[in-house]
Amino acid sequence: MNKKIKVYGVPGCPFCKKTKEFLKSKGLNFEDIDVAADHDLAKEMIKKSGQMSVPVIEIDGKIVVGFDKEKMENLLGS
Amino acid sequence: MKKIYDLIIIGAGPAGITAAVYAARKKMDILVITKDIGGQASWSGDIQNYTGYQFITGPELVIKFEEHMRKFDFEIKENEEVKELIFRKGTFLLKTDKNNYQTKTAIVASGKRSRELGVTGEKKFRNKGLTYCATCDGPLFAGRDVAVIGGGNSALDAALQLIKIANHIYIINFTDNLTGDGIMQEKIRADNKVSIFNNSRVKEVVGDIFVKALKIEKDKKEKVLNVQGIFVEIGLIPNSDFAVDLEKNERKEIVVNQRNETNIPGVFAAGDVTNVPEKQIIIAAGEGAKAVLSAFRYLSTRK
Numbered sequence: 000m001n002k003k004i005k006v007y008g009v010p011g012c013p014f015c016k017k018t019k020e021f022l023k024s025k026g027l028n029f030e031d032i033d034v035a036a037d038h039d040l041a042k043e044m045i046k047k048s049g050q051m052s053v054p055v056i057e058i059d060g061k062i063v064v065g066f067d068k069e070k071m072e073n074l075l076g077s
Numbered sequence: 000m001k002k003i004y005d006l007i008i009i010g011a012g013p014a015g016i017t018a019a020v021y022a023a024r025k026k027m028d029i030l031v032i033t034k035d036i037g038g039q040a041s042w043s044g045d046i047q048n049y050t051g052y053q054f055i056t057g058p059e060l061v062i063k064f065e066e067h068m069r070k071f072d073f074e075i076k077e078n079e080e081v082k083e084l085i086f087r088k089g090t091f092l093l094k095t096d097k098n099n100y101q102t103k104t105a106i107v108a109s110g111k112r113s114r115e116l117g118v119t120g121e122k123k124f125r126n127k128g129l130t131y132c133a134t135c136d137g138p139l140f141a142g143r144d145v146a147v148i149g150g151g152n153s154a155l156d157a158a159l160q161l162i163k164i165a166n167h168i169y170i171i172n173f174t175d176n177l178t179g180d181g182i183m184q185e186k187i188r189a190d191n192k193v194s195i196f197n198n199s200r201v202k203e204v205v206g207d208i209f210v211k212a213l214k215i216e217k218d219k220k221e222k223v224l225n226v227q228g229i230f231v232e233i234g235l236i237p238n239s240d241f242a243v244d245l246e247k248n249e250r251k252e253i254v255v256n257q258r259n260e261t262n263i264p265g266v267f268a269a270g271d272v273t274n275v276p277e278k279q280i281i282i283a284a285g286e287g288a289k290a291v292l293s294a295f296r297y298l299s300t301r302k
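Quick note, the sequences are listed as chains A and B, same order.
Counted from 1, the first sequence has number 15 at position 16 by numbering that gives the first Met the number 0; the numbering is strictly sequential.
Counted from 1, the second sequence has number 153 at position 154 by numbering that gives the first Met the number 0; the numbering is strictly sequential.
Do not rely on the hints blindly, as some may be mistaken.
[As the list claims (entries may be wrong)] In silico DSSO-like cross-links for lysine-lysine, where the CA-CA straight-line distance does not exceed 30 Å: (1) A:68 with B:2; (2) B:70 with B:88; (3) B:127 with A:61; (4) B:2 with A:19.
[Unchecked claim] Per label pair, the in silico range of CB-to-CB distance: (5) B:98 with A:27: 46 to 54 Å; (6) B:235 with A:67: 40 to 48 Å; (7) B:71 with A:75: 21 to 29 Å; (8) B:87 with A:72: 29 to 37 Å; (9) A:37 with B:191: 39 to 47 Å.
It should be emphasised that the hints constitute simulated quantities derived from the structure, not laboratory data.
All residues carry an ideal CB built from backbone N, CA and C; glycine is no exception.
Taking the hints into account, I'd like the entire structure generated from these sequences.
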């Protein structure tokens, strides 16, 4: 089953990179969103997460803030 | 009867991971307990001084470390924090936030963490305008007014990153003068987007849902700066609080000798949590290896 995954991050942020590597290692596709380049997307991310911090990961509409492996694994159901 | 490990490694940064690889190759019965994989190395940007890699980022190097560690068959307890290390009847008891474990030897490789301000509002507004990672969250403050707390290299580095992004930057520095590298100070002084407050201390972080202001005290007078972002860059402290019986120096670093022995026989320490003179990834890794070899020798003399 394919889950819809978005990663909101900025270039050069270690944990954004770690998150993306983690998803890649599971063979998952995700939308890679650079909030440094687009202020509207940054606002969208802050609104969704209630936080001003990256990375934010959205898995089928559910939000994970930060590189939280346990939470991501739970939502991915793997 | 509860299992008794040969060795428990506390922490999985460069020191802990290297220790685990060495211990696994020595066929020791080990357990790794850690809050996260990679520790501070995960936060490093570009690394150009780890032998064998002319260029690698912190997160990429950590992935390599982790792959190497997971090649071996031993248990790793992630997201678990050691709370107490107690010596009793020839073995050590480790109490974590989830469980208890027993071991014949232990290596403390729990690294360092960002120092906190310890003021009202800091916890409430963490990740809501207040952050310890300028590289990560800096770009979210485009066009905003922000404050950087600290006057050393990491604070000045954060300020220089923010000059490109933010509207105005206040540097709140506790001492008489900035202490970071001269070349960075020059760049900062030359920029009219930056105001420097020396001899100033942070009193309170103020806001509603997000940060709205910072209260500081300068020359015994309180001042309120309207900022939306606060970047705390006041250095690092060792994660050594749980190890109450271990000897520490004035910086709370665990004191070790050349063989990574602490004041308690059977307990070793390695990496940034110790008084090792330089805090570098490659040094932490080497210290982790040394600590295991010492632990191995200690065990073999006790059999």
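Go through the numbered hints given earlier and state which of them the structure violates, listing their numbers in rising order.
2, 4, 5, 6 and 9
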